[in-house]
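Asker: Chains as they are written, first to last, in UniProt numbering: chain E, 1 to 428; chain C, 1 to 428.
Keep in mind that a hint or two might mislead.
Straight-line C-alpha distance at most 20 Å; calculated SDA-like pairs for lysine to any residue [to be verified]: (1) C:151 x E:25; (2) E:269 x C:36; (3) E:269 x C:276; (4) C:269 x E:2; (5) E:269 x C:193; (6) C:36 x E:326; (7) E:2 x C:169; (8) C:151 x E:28; (9) C:269 x E:274; (10) E:269 x C:238; (11) C:2 x E:330.
DEER-style ranges, computed between Cβ atoms [said to hold, decoys possible]: (12) C:219 x E:276: 39 to 47 Å; (13) C:26 x E:51: 50 to 58 Å; (14) E:276 x C:230: 28 to 36 Å; (15) E:335 x C:238: 26 to 34 Å; (16) C:387 x E:28: 52 to 60 Å.
Honestly, the hints are just simulated from the structure, not real lab data.
Backbone N, C-alpha and C define an ideal beta-carbon position, used for all residues, glycine too.
Protein chains: 2
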Amino acid sequence: MKTLKVALLGCGNVGAQVARILLEDASELAARAGAKLELSGIAVRNIEAKRDVELPRELFTTDALALIADADVVIELLGGMEPAGELISAALASGASVVTGNKALLAVRGAELGALAAANGAQLRYEAAVAGAIPILRPITDSLSGDRITKVMGIVNGTTNFILDAMDTTGAQFADVLAEAQALGYAEADPTADVEGHDAAAKAAILASLAFHTDFDLADVHCEGISSVSAADVAAAADAGMVIKLLAIAERLEAGIAVRVHPTLLPRKHPLASVHGAYNAVFVEAENAGELMFYGAGAGGAPTASAIMGDTVAIARRLVADAPVIASGVRGSQPALRFDQIATSYWISLRVADESGVLSRIAALFAEHGVSIELLRQSVVDSADGGSALLRIVTHKSTEAALAATVAAVGKLDVVKEVTSVLRVEGN
Amino acid sequence: MKTLKVALLGCGNVGAQVARILLEDASELAARAGAKLELSGIAVRNIEAKRDVELPRELFTTDALALIADADVVIELLGGMEPAGELISAALASGASVVTGNKALLAVRGAELGALAAANGAQLRYEAAVAGAIPILRPITDSLSGDRITKVMGIVNGTTNFILDAMDTTGAQFADVLAEAQALGYAEADPTADVEGHDAAAKAAILASLAFHTDFDLADVHCEGISSVSAADVAAAADAGMVIKLLAIAERLEAGIAVRVHPTLLPRKHPLASVHGAYNAVFVEAENAGELMFYGAGAGGAPTASAIMGDTVAIARRLVADAPVIASGVRGSQPALRFDQIATSYWISLRVADESGVLSRIAALFAEHGVSIELLRQSVVDSADGGSALLRIVTHKSTEAALAATVAAVGKLDVVKEVTSVLRVEGN
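I would like the entire structure built from these sequences, with the hints used as guidance.
Answerer: And the structure:
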């Protein structure tokens, strides 16, 4: 049986699990791959650092390039732009295949690295980069290759889903839940990349690139995080039978592809609405397949390592068969739409004076700006406040520009006490 | 650009959609596959039959063998054992690759046909055979190839899920809902294959074979249908926060692999519990990935055609790259367990006399037979009946034999008026 040398770059949470699996499950992996997968070394910055898993000391090295030079497959789990980018480039240039979970790098340099892999007859695989253990990239590129995907909506960041789910369950404010998530290890000390949507935006770019056969990068993604979502927003959504989720959305519209990340209202009956805690899920709509959903653990050492190992075995099988890399079709060039070119449905929540004529004045302003109202509900009269009512309006699809102008105009009305929240709606 | 000849056998519900996609989406498919996919002909029994889709008359033929002789890819959608088996064999023997959704054939002759494909350097693909449009076979064989699957539980028959879901929603009896499903076209005039679990059993054999790298066939699957599930069972389940689903279960136990289909109680919070109507879903547990779920349309012309086309494009890509068929590892030989070797958790519902000492007498009988009680709930005293109480018992894992003996003994007690239902429980 052939032996393939597997070099591991990085030995954090995921890397330690990958090393463990390569060592513990060697015979099972050989049976699956048709070759022995030999862990030839683990490149780290600090050999003495404490790891999650006990690993033979002689595997560790600080010389990543020397390790790569001798490898058939390189697993990159350093994260971040550099030195990950430089090391992946070196591996691909030498003809080694690469497995990575590095969404930040792929969202910026994915197309370039893909071309480098192709030019060298190497494979670049990154199932772990989006939604951890959930097989989603392969179903999109392979299983749905004979269909036409129209929309992808994903809960692809576990930290923000944990926070929003806890806000929904407990009624707590964002800041309090974030602090709890940090204490539990669900959120980083610096939570910016998660809560401001940057991590989800990188994944959105990757999903869009695969679903629509066009290279999109981070700059094509409109991104809003969840730090401005209030307990009142969550409560109002719950009251209307909805839930707020941070979604990564990539959608084919007539003029091009819209890629965006923002807090989104979903009806409770939508399959994504029942994704709780730190779980991830990706909902896919295709012309023939209809609606599909893929659900599972989006992060964590062992789950992410499962995706890394699936890619590693796939590469090994190809090397054993001595088969060329099989291309997944020509790349297209559909334009990425600017956010103001996209029309979405909006939910606007207003606190208004409880007097006659208010509804008609507000409705008139919407009509003036060309924003069509789908649903209007007046409720929860609050007498403590000199008499105010809550108005909730769901619009038909409208552009960001028209909506913003409408909300600004409505906010200036003397009968409007407060614009409580403006959120986008999907799946209704 | 290369042209590949695609022969279609059968032009029913799915076949007509496959033909439509091949004709309508030809340029998109060519971009994905790297080759033109030319529909070279459609073999049918009756050329004059009415089809769902308007198709050029000159494509039709009654000579399937002549069509196959000239094809690069053969799509078999005749269903059933023959002539499907003979035609697939002929195609593979000639070196053509085959795409099929024929679960009945694969569950009996899958290993043999797989070997025939391998011997001829051809591919046999059948994503459509299990759970229609849902990519499930590829994730199991490829994405999870570096992990160890421990259990697969699927709602893989839309008809029975529609019926059980309607019983749960409306409280109606099985026979009434079945009649309604037949009127709506969700159930066949002869519903036996669906309601008695035979269709799900074929899919269970296929799932088990892929998940556990061993050839299992229909004879290895213990199969019970849903015709004995009563409105009272459904109501009692609902009352206990559970729902009854027909599950195809394949599980790795210490002694071997257990493959079974039967009505199963699931807690409402289990992801499979919220799969409604005719939708399908497959829940997978793997050592590293943890819990995954794949959800979507399990049947229907266009959804099933999407899976057929995904397989067709995969085959085309390989032919374009002139790559050998890549093997998915060695097959093992884990034994299939007989049903009486498997331990499951049971729910037993009893109507008993409302008098003191009943509980302890029943509990003593369970203990005598070595069946451990996890939960016992006494409720709904019915005074119309000379005083009776409802007892619900959930057991720890117990063998079928021990449980059957216990239930028989309990049923003979003078204080037990009726054994209302005995159902297996998962996910609790």
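Asker: So, for every hint listed, does it hold in this structure?
Answerer: Tested hints:
1. Of the supplied pair hints, the one linking residue 151 (chain C) and residue 25 (chain E) holds, its CA atoms being roughly 18 Å apart against a limit of 20 Å.
2. Taken as a hint, the residue 269 (chain E) and residue 36 (chain C) pair is broken in the structure, with Cα atoms around 41 Å apart against an allowance of 20 Å.
3. Only pairs whose Cα atoms come within 20 Å are accepted, and residue 269 (chain E) paired with residue 276 (chain C) is accepted, the gap being roughly 11 Å.
4. A distance of roughly 46 Å separates the Cα atoms of residue 269 (chain C) and residue 2 (chain E); the hinted pair therefore is violated under the 20 Å criterion.
5. Between the alpha carbons of residue 269 (chain E) and residue 193 (chain C) the distance comes to roughly 31 Å, so the proposed pair goes past 20 Å and is violated.
6. Among the hinted pairs, residue 36 (chain C) with residue 326 (chain E) is consistent with the structure: their alpha-carbon atoms are about 16 Å apart, no more than 20 Å.
7. Restraint check for residue 2 (chain E) and residue 169 (chain C): the C-alpha separation of about 57 Å exceeds 20 Å, so the hint is violated.
8. In summary, the hint linking residue 151 (chain C) to residue 28 (chain E) is supported, as the alpha carbons are separated by about 17 Å, within the 20 Å threshold.
9. Proposed proximity of residue 269 (chain C) and residue 274 (chain E) is supported: the alpha carbons are some 9 Å apart, at most 20 Å.
10. Of the pairs offered as hints, the one joining residue 269 (chain E) and residue 238 (chain C) holds, with about 19 Å between alpha carbons and a cut-off of 20 Å not exceeded.
11. Only pairs whose Cα atoms come within 20 Å are accepted, and residue 2 (chain C) paired with residue 330 (chain E) is accepted, the gap being roughly 14 Å.
12. For the pair residue 219 (chain C) and residue 276 (chain E), the beta carbons lie near 40 Å from each other, so the given range of 39 to 47 Å is met.
13. Judged by the Cβ atoms, the range 50 to 58 Å given for residue 26 (chain C) and residue 51 (chain E) holds: they are separated by roughly 53 Å.
14. The supplied range of 28 to 36 Å is met by residue 276 (chain E) and residue 230 (chain C), whose beta-carbon atoms lie about 32 Å from each other.
15. The given range of 26 to 34 Å is broken by residue 335 (chain E) and residue 238 (chain C), whose C-beta atoms sit roughly 51 Å from each other.
16. Between residue 387 (chain C) and residue 28 (chain E) the beta carbons are some 59 Å apart, a value that agrees with the proposed interval 52 to 60 Å.
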